Structures are given as C-alpha cells and as structure tokens.
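So the sequence shown is numbered by my numbering: it starts at 1 and just counts up by one.
There could be a bad hint or two in this list.
[What the hints assert, rightly or not] Across the chosen pairs, the derived CB separations fall in these ranges:
1) Ser298 / Arg2: 33 to 43 angstroms
2) Gln123 / Asn17: 17 to 27 angstroms
3) Leu131 / Gly235: 32 to 42 angstroms
4) Gln123 / Lys228: 40 to 50 angstroms
5) Leu286 / Leu242: 11 to 21 angstroms
6) Glu106 / Leu277: 51 to 61 angstroms
7) Lys201 / Gly235: 44 to 54 angstroms
8) Leu139 / Asn17: 32 to 42 angstroms
9) Tyr169 / Gly44: 22 to 32 angstroms
10) Tyr169 / Thr294: 16 to 26 angstroms
11) Gly235 / Ser298: 20 to 30 angstroms
12) Phe199 / Leu283: 48 to 58 angstroms
13) Thr130 / Leu242: 38 to 48 angstroms
The set of hints was computed from the structure by calculation and includes no laboratory data. All figures in this text were calculated on a predicted structure; none of them were measured in a lab. Note that the Cβ used here is the ideal one computed from N, Cα and C, for glycine as well.
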Amino acid sequence: MRVSVVVPVYNEVESLNPLHIALTEALQGLSYELVFVDDGSTDGSNEELIRLAGEDSTHVKVVELRRNFGQTTAIAAGIDHAIGEVIVLIDADLQNDPADIPMMLEKIEEGYDVVSGWRMNRQDAFLTRTLPSRIANWLISRVTGVHLHDYGCTLKAYRRYVLQGFHLYGEMHRFIPAYAGGVGAKIIEVPVRHHSRRFGKAKYGLERTLKVILDLLTVKFLISYANKPIYLFGGAGLALILGSIILLGYLVLRRILLDEHLVRSPLLLMTVMLFILGFQSILMGLTAELLARTYHESQSKPTYTVRRVVGGQHEESL
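Build out the structure end to end from the sequences listed, making use of the hints.
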C-alpha cells in the first residue's frame, strides 16, 4: 500500500459520498487506501461510512471512535491505522480539493518529506476564520522557525517516518510541520484550491485561537528544549538571580549614599523573592534533565535523526 489518505469525520454525512467519488477519481491508477475516522458523529455519518466500506472494501477503511475526541485525536487514530508509505491528511467537508493530491505526491517523489497545502484564495469568513488564521500562522512561523503561510490547512502529505516519534494532543495536528522541521525534514508549501462549504456548518470558531496559542507554547518547548530543558529553566533561573543581585546592589548604594534602611524598602522583599524563584527554577531544570535522560534511555530513543547512510556495503535511505 503506497498512499494512505486519512479523513477525520464529524457530522459530515452529506459530504461523504461526493468526497469518496472525488478521492477515487484523484487517486486512480495509484495503490491507495482511504482511512475514514468517525469522531463520534451523531448525524448518520457512521452509517454512510459503513455503506461506503461495503461498496469499496478494497480501498475504504473505517475507524469508529467511541465518542467525539476532537480533530487531532481523530487524525492520530487514522495515522495509527494507516499502512501507507505516504500519508495524506484531508478534511471531510469538501473545502479541500482531492484533485490537488496527485500534485502533492509528485513533490514527495521529488524528495520532499512534507508537502503542506496553502489556501491562497481561502473561501471563509474573513473576520472569524481568515484573519485569526493569518495571525496564528505568523505567530507559529515566528516561534517555531518553520515558515508556512497556512498551518491550518489540513491538506498535507507526509512520508510516514516524519509522523513517528511524537504523539498528538489538543490542536497539535497543525504543528506537525514544525515537529518535522525540528528533525530536519525537507518541507515545501504548495498552493491548493479551497472551496466554500457546501453542506453543514463550520465546527470551529474564534475560541480555537486560544487553544492554538497554548499548544504553541508546548510545541516550542518540545522542539527547542525537550532534550536540554536546563537551558530554559536554568537560563530563567540565572536571569532571576542576576536581577536579585542587581536589586540588592541598588539597595546597598541607597543605604550608603542616602542612608535609607534596607528593611523598610519593599525592594528587599522583591530581591529575596527573585533569588528564591531563580534557585527553584535551576533545581526544576536539573529535575527536568533527569526526566529527559530517563525518557531517552529507558526507551532507547536516539537524540538524533539520520536521513541516509552512504558508503560501505550499501546506501541506506531513511
């Protein structure tokens, strides 16, 4: 099985049959499977998926979750049950165009590890969907260092190995390119078509932006400091201790030059607090270092990733 298309589904019963037809046409001539993940739908989507699986048992696989877990969890379930060398993610609402998939697979064949869709002409409400998305994309690009115009576009293609080694939580699926960039994956962004929603209504609004920001903090930590957490906690601790020393020096100068009592100044309390917080932060960093080492050593996880090995008896690509 060469290509696995993972489709998270939540209350999209009217879109499923047209989507199946479009995917079948787009992937004609390829070895592929369609992994539909029913994320606790209540509108008959599961029954429609079972019907499609019965009619096209060669290509359609249905993963039924016990309840609604959210888009990221549904995507993670689909990836776990997919067997393709290349995994393509696409929404079930027909706003992504399956006809773009062959073009993305060509980019994979050219040697890219991640092909990310960019909805240049997005057909969504500007104030509630497009504008918050642009702000989030700019922020994510700045924080992670992986610059993409459209992190929120679900339509993406990945080599399987890129998706291994980490677990998806919250709204983490949109950050997969950032994780991939952290292990040196070759990433390209390509323009893709985007259509207005034909059936139903959007499942997310402005409240999703806050979740994305909070998840971004987690992603930044995991990418930059997961292997050396002491750099974050120790650096913050040293900065706090340095601040306490500067404040203490200021108080001593005021005592010498202005004859002001140290105990009467609220800055003395702040000096003590900064020193304590700094010391605790360093201890926290050392504890995190022990946890990181235990994590890697207990699971025999390497701290590096290899693209390929050249020379010797053979050339090995990874």
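Results of checking the hints against the structure:
The beta-carbon spacing between Ser298 and Arg2, approximately 35 angstroms, falls within the hinted interval of 33 to 43 angstroms. Range check, Gln123 to Asn17: Cβ separation about 21 angstroms, and the 17 to 27 angstroms hint holds. Taking 32 to 42 angstroms as the suggested C-beta distance range, the pair Leu131 and Gly235 conforms, at roughly 35 angstroms. Checked against the hint of 40 to 50 angstroms, the pair Gln123 and Lys228 passes, with Cβ atoms roughly 43 angstroms apart.
Between Leu286 and Leu242 the beta carbons are some 18 angstroms apart, a value that agrees with the proposed interval 11 to 21 angstroms. Between Glu106 and Leu277 the Cβ separation comes to about 54 angstroms, which falls inside the hinted range of 51 to 61 angstroms. Distance hint check: the CB atoms of Lys201 and Gly235 are about 46 angstroms apart, consistent with the given range 44 to 54 angstroms. Judged by the Cβ atoms, the range 32 to 42 angstroms given for Leu139 and Asn17 holds: they are separated by roughly 38 angstroms.
Between Tyr169 and Gly44 the CB atoms are about 29 angstroms apart, so this pair conforms to the stated range of 22 to 32 angstroms. Separated by about 21 angstroms at the C-beta atoms, Tyr169 and Thr294 satisfy the suggested range of 16 to 26 angstroms. Between Gly235 and Ser298 the CB atoms are about 27 angstroms apart, so this pair conforms to the stated range of 20 to 30 angstroms. A C-beta distance of roughly 55 angstroms is found between Phe199 and Leu283, which places it inside the suggested range of 48 to 58 angstroms.
For Thr130 and Leu242, the hinted distance range of 38 to 48 angstroms is satisfied, since their beta carbons lie about 44 angstroms from each other.
Every hint, counting from the list given before, is met by this structure.
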